[in-house]
Amino acid sequence: MSSSSCACPVLVVDDDDAIRDSLSMLLEDEGYPVATASNGQEALDYLQSGPRPCLILLDLKMPVMNGQEFRSAQQLDADISAIPVAVISAHVTTQVRAEVEADAFLPKPVDIDALLETVERYCSL
4 MSSSSCACPV LVVDDDDAIR DSLSMLLEDE GYPVATASNG QEALDYLQSG PRPCLILLDL
64 KMPVMNGQEF RSAQQLDADI SAIPVAVISA HVTTQVRAEV EADAFLPKPV DIDALLETVE
124 RYCSL
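Under my numbering, the first residue of the sequence shown carries the number 4, and numbering increases by one thereafter.
Hints in this document: simulated from the structure, not taken from any laboratory. Be careful, since some hints might not be right.
List of simulated lysine to aspartate or glutamate pairs, DMTMM-like, C-alpha gap at most 25 Å [what the hints assert, rightly or not]:
| # | residue 1 | residue 2 |
| --- | --- | --- |
| 1 | K111 | E33 |
| 2 | K64 | D80 |
| 3 | K64 | D24 |
| 4 | K111 | D20 |
| 5 | K111 | D18 |
| 6 | K111 | E123 |
| 7 | K111 | D24 |
| 8 | K64 | D18 |
| 9 | K111 | D19 |
| 10 | K64 | E104 |
| 11 | K64 | E102 |
| 12 | K64 | D19 |
| 13 | K111 | D32 |
| 14 | K64 | D114 |
| 15 | K64 | D116 |
| 16 | K111 | E72 |
| 17 | K111 | D80 |
| 18 | K111 | E45 |
| 19 | K64 | D106 |
| 20 | K64 | D48 |
| 21 | K64 | E45 |
| 22 | K64 | E120 |
| 23 | K111 | E31 |
What follows is a set of in silico ranges between Cβ atoms, one per label pair, in the way DEER data are often shown [unchecked claim]:
| # | residue 1 | residue 2 | range |
| --- | --- | --- | --- |
| 24 | T96 | S52 | 29 to 35 Å |
| 25 | D48 | D24 | 29 to 35 Å |
| 26 | A101 | P36 | 29 to 35 Å |
| 27 | V99 | L79 | 17 to 23 Å |
Note that CB positions come from ideal geometry on N, CA and C, so glycine has one too.
Input sequences plus hints: build the corresponding full structure.
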């Protein structure tokens, strides 16, 4: 794919180094800039200082601050509440969908085509 003209990164938030790295490489290979965080607190810190992402890919089960805690904090902050969130988790239940209120849900293991379709929906190259 051609190089990205979008300066907005995709923020990948996952405590698993292998998953975070593989998602980052996949998205970068497709031309998307990527930023990463290993938990919800790192993601909030990034959102306060880094470039605004076009999409946040969010794991739910993480130490320090989990995905649901991150999402609650994000929704309370007017500056970042509108940034779309796609939850990537093996633990997506109807209750979780209702509590997290994400824009998209992608089950682990992640279907690459579904992931790229989701990213494309929110981030233009």
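| Against which earlier hints does the structure fall short, listed by number upward? | 17 and 25
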